[in-house]
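Spelled out, the chains give:
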Amino acid sequence: MNEDSRRQERTPVLQMLVVGAVASALGIAAGLAINWFPEGAATQARPMDRVYDVLIWSSVPVFVLVSVIVLFSVWRYRIRPGEEGLDGPPVHGNTRLEVIWTAIPAIVLVALCSYAWVVLNDIEAAKPNEMRVNVTGQQFAWTYEYPQPGGDPVRSNELYLPEGQPVRFFVRALDVIHDFWVPAFRMKVDAVPGIVTKYRVTPNRRGTFPVVCAELCGLGHAVMRSTARVVSPAEFDAWLAERRAPAQGQAGGGDGEAAAAEPDGKTLFAEGNGAATACGACHKLADAGTTSTTGPDLDETLAGKDEDYIRTAIVAPDEQITPGFQAGIMPKNYDDTLSSDELDALVAYLGRVAGK
Amino acid sequence: MVAKFRGPGMYRAFLFAAYGVALSYAIIAIFRTWYSLDPVLDGRAVLELALFLSPLGFLVGLGVFSYWFYWATGKKTLPEDHSGHGAHSWRDYFRVNTDHKVIGIQYVVTSFFFFFVGGLFAMLMRAELAQPGQQFVDPNTYNGLFSVHASVLIFLFIIPIFAGLANYVLPLMIGAPDMAFPRLNALSFWMLPVAGVLMLMSFFAPGGSFASGWTAYAPLSVTAPEGQVFFTIGVQFAGASSIATALNFLVTIITMRAPGMSFFRMPLLVWANFSTSLLVVIATPFIAVSQFMVLFDRSLGFNFFDPTGRGDVLMYQHIFWFYSHPAVYIMMLPGFGIVSEILAVKSRKPIFGYRMMAFSLLAIVVLGFTVWAHHMFVSGMQDWIRIPMMITTAIIAVPTGIKIFSWLATMWRGVLHLDTPMLFALGFITMFTLGGISGVMLAIIPFDIYVSDTYFIVAHIHYVLYGGSVFTIFAGVYYWFPKMTGRMYDERLGKLHFWTTFITFNATFGPMHLIGTQGMPRRVVDYAQQWAGWNLAITLMSFLLGLSALVFAYNMIASWRGGPRADANPWRALTLEWQVSSPPPIFNFDAVPTVVGGPYEYGVPGAVHGVLKGAEVPTPAGATAHGSGAGAHASARDEE
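Just so you know, the sequences run in chain order A and B.
Per numbering that gives the first Met the number 0: the first sequence = residues 0 to 355.
Per numbering that gives the first Met the number 0: the second sequence = residues 0 to 639.
There could be a bad hint or two in this list.
[Unchecked claim] Counterexamples of contact, computed for chain A against chain B with all Cβ distances above 10 Å: (1) Gln14; (2) Val17; (3) Ile27; (4) Ala115; (5) Pro148; (6) Asp286; (7) Ile309; (8) Gly350.
[To be verified] Among the chain A residues that face chain B by a calculated CB cut under 8 Å, a handful are: (9) Trp35; (10) Tyr51; (11) Gly92; (12) Ala213; (13) Glu214; (14) Leu215; (15) Val222.
Derived from the structure by calculation, the hints contain no laboratory data.
A virtual CB, placed ideally from N, CA and C, is assigned to each residue, including glycine.
Bound-form chain A, shown alone:
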């Protein structure tokens, strides 16, 4: 084979077009068939998932184009025996071609951005009658607060939302940056110390969905998970009413002089003291009504244990690790963040109620 025979070879453009079209069709079909996302549970999910479909449609042909040219070049133009001294044709460029491959991608990209802007406005649009939920992230748990008109807010370690009700989350962080994410709702935002970040979703499917911390927040980042429950409006109202009653009763007691002088173990457990993270954010305890599974279930692990054991477990949590849980996740600073009175009250409370 020599230079002349190479020159006479026809460019395989038609074959490339056919192969490219078939490969693009297969790629797009596969891209659309794959189950990329968990099933959506908010009205935001469908437009956001459709963006991904559009991205598949527009990006598969780009990759196919590049790959087909690479593969055909390798196939048709690779060096053959006897061509060791041969050079290719000295083509330096082609202005028209260069204008085309600058302009077309630019147009496609601007079109994609415009579409994305429209979708963004759609999914972030304000809705009438939004319910406000305050979300607080701290190492390594989420707590939720439902403001009640004319009363104390209802607090919970579990996210309950009524189906069909537009919600606006007001997200805060107490220590480091976290990220409040319910994959089924699609939206997420960082919880940033010092500022309040927000986003909206309208849950539209009942069920339980994982809540995930998406921003590295320290040792327990991987276990900073909990559950969101989307329930019917009636169930939600019942849940809220049930939570409201004990919460208000407790708040009344907590405001009293006596309670301020003598720390209440149950309040400390459920709400912390401002400096110390609430135990209930991570631990399940029937008496305090907490249900988180981030840390061990205290009704099981503390049953029948004496106060010395409980005290050690609070101030030096890594000395005794419950099987199935990891060392180094529970904060080791309770000795500092709790006063000695508070620590005594907490230990006494846990010794009294755990496992009973």
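Given chain A's structure and the hints, the job is docking chain B onto it.
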């Protein structure tokens, strides 16, 4: 023995490093006594000061500052007879040397050392992730592993190895005898092992290594245990090294081109390093300052990032990404240059659209500074800035697309030599296209909101940095291996390396896109049961990917020791580095070459890039090197 400790070298370097520690104790004791602080010797304070003073002592002891000290104090400086140039045994690579070819090899070998260390950390991480739950490492160690993995591979492998390859070949390519500032060049290199050792030593710090990711977001990094400062301070050394090298490249490229080497006759590798150096000089001070602010918050009680002290948490991310997004291009543009060299030579055709290739590099430099906040779409920053950042991020794909299409057109109808450098270049084009596509996807805000901080990001960054940067690094190392060592590598092992890497790379990082969109967050030591199958498969593939790198290591070491001797120009390339012997003579060229044509005129009958015989050059070498030759005028005209 005493003499060994008195003269410059490793012995004195370690002695002076110990002096640095002692000095730290003394300074802290003096100041804390003065302020009546208790205890007088505070471990944290001593450690943080020692992390600056001990490395500085090491560098002084090694002798990188000796010339400047002598000159500044009026002492007799060492005579510059260039007797230290070149390396005669492996020991010479452990000394301060001002020869750009020695420094280039020091850079490349050091960087590959950190490549294997960083890769080993990745293997440990994958071992832990093979199953849900906790098996091998605790959460603190795991967070440390991924933080050090990223930091080492970014700051001690990808960024410096490009500087190392360019250090070796760039002066040769432009017909210069060395870099513009050889002593600064030596200092730049020696700051790297210092930075790397600091980062690795962090594992011995109380509380473990830095574990807040390579991004070191405040306030997590401000409240983290002492290991964090090993990153905070290590980055200062790596960053200073980058900046000094970039300045060196800029001055070398602007002032030391051979006569006739106008800007538009420069090989694209030179253009790429010119663009990269601009990015480094402008952007790197931002990461330096972000880490200093973390250090001041930690150690001196400043409140830059403490909201309770009126600090601003988001400010950290803006400063950090104002460096770290351009850093992605710092890690990519030199690879573009390498691939341009290889594709032209291995396709036996001129680069298609040479000027647009050069201009697109500059366009990326400019646009690269306008996209940083796309890392912050879910950070809680002001909403309006997202749309402009989305548009600039998408538009930066246009100059990148120009490059990819031009490479394809360069191959088209060429005579393709499908040897190892070319395979890696082709692997790069396809894999980088995938990384670029997922990059455009991530620019699209509604999609980015969902996949931020998931494994989709992990997949994207590895397609860009492994399938992109690392493939170009392999391509470049194979391509210039004959020039740098004077020996040929084993082509069969090279091809085996390519195919094993290409396949296992895709099998490792491809599925991460899927588990990311399914909702698996990144940077987690433990994950939900539903991803157990994929993670096990990814772990097994990643081990094979790790093994494939060993094929490369064996090939390089065995070929360097006993490979067949390489010709001066085994690839029949036109650029100047191939017109001298392999390895090149100590001063590169016997006489300054004259450049008479473009660098890629393959297929043009009788085309010549440079003329090596000194006959046509009227002025002596010293004068032309400073830009007063006829060619410099030609280049000045061209720039206008």
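Problem set entry | Non-interface claim for A:Gly350, where every Cβ of chain B lies beyond 10 Å | Its Cβ never comes within 10 Å of chain B, the nearest being 29 Å, so this holds.
Exercise. Measuring from the C-beta of A:Glu214 to each C-beta in chain B, is the shortest one below 8 Å?
Worked result: 6 Å, holds
Problem set entry | Non-interface label on A:Ile27, tested against every C-beta of chain B at 10 Å | 13 Å, holds
Exercise. Against chain B, is A:Ala213 within 8 Å by beta-carbon distance?
Worked result: Given a least distance of 4 Å, the restraint on A:Ala213 holds.
Problem set entry | Interface hint status, A:Leu215 versus chain B (Cβ within 8 Å) | The hint holds - A:Leu215 has a Cβ within 8 Å of chain B, the shortest such distance being about 5 Å.
For this session: Say whether it holds or is violated: A:Asp286 keeps its Cβ farther than 10 Å from all Cβ of chain B.
Result: 29 Å, holds
Problem set entry | Outside-interface status for A:Gln14 - nearest CB in chain B farther than 10 Å | 14 Å, holds
Problem set entry | Evaluation of the interface hint that places A:Val222 against chain B, nearest CB under 8 Å | 6 Å, holds
Exercise. Closest CB-CB distance from A:Val17 to chain B, is it above 10 Å?
Worked result: 18 Å, holds
Problem set entry | When the least beta-carbon distance from A:Tyr51 to chain B is tested against 8 Å, hint result | Holds. Min distance 6 Å.
Problem set entry | Consistency of the no-contact label for A:Ile309, given chain B and a CB cut of 10 Å | A:Ile309 clear of chain B: closest Cβ-Cβ about 24 Å, beyond 10 Å.
Exercise. Quick one, is the A:Trp35 hint okay against chain B at 8 Å, beta carbons?
Worked result: Interface hint status for A:Trp35: holds (4 Å vs cutoff 8 Å).
Going through the hint list in order, the structure does not satisfy hint 4, though it satisfies all others.
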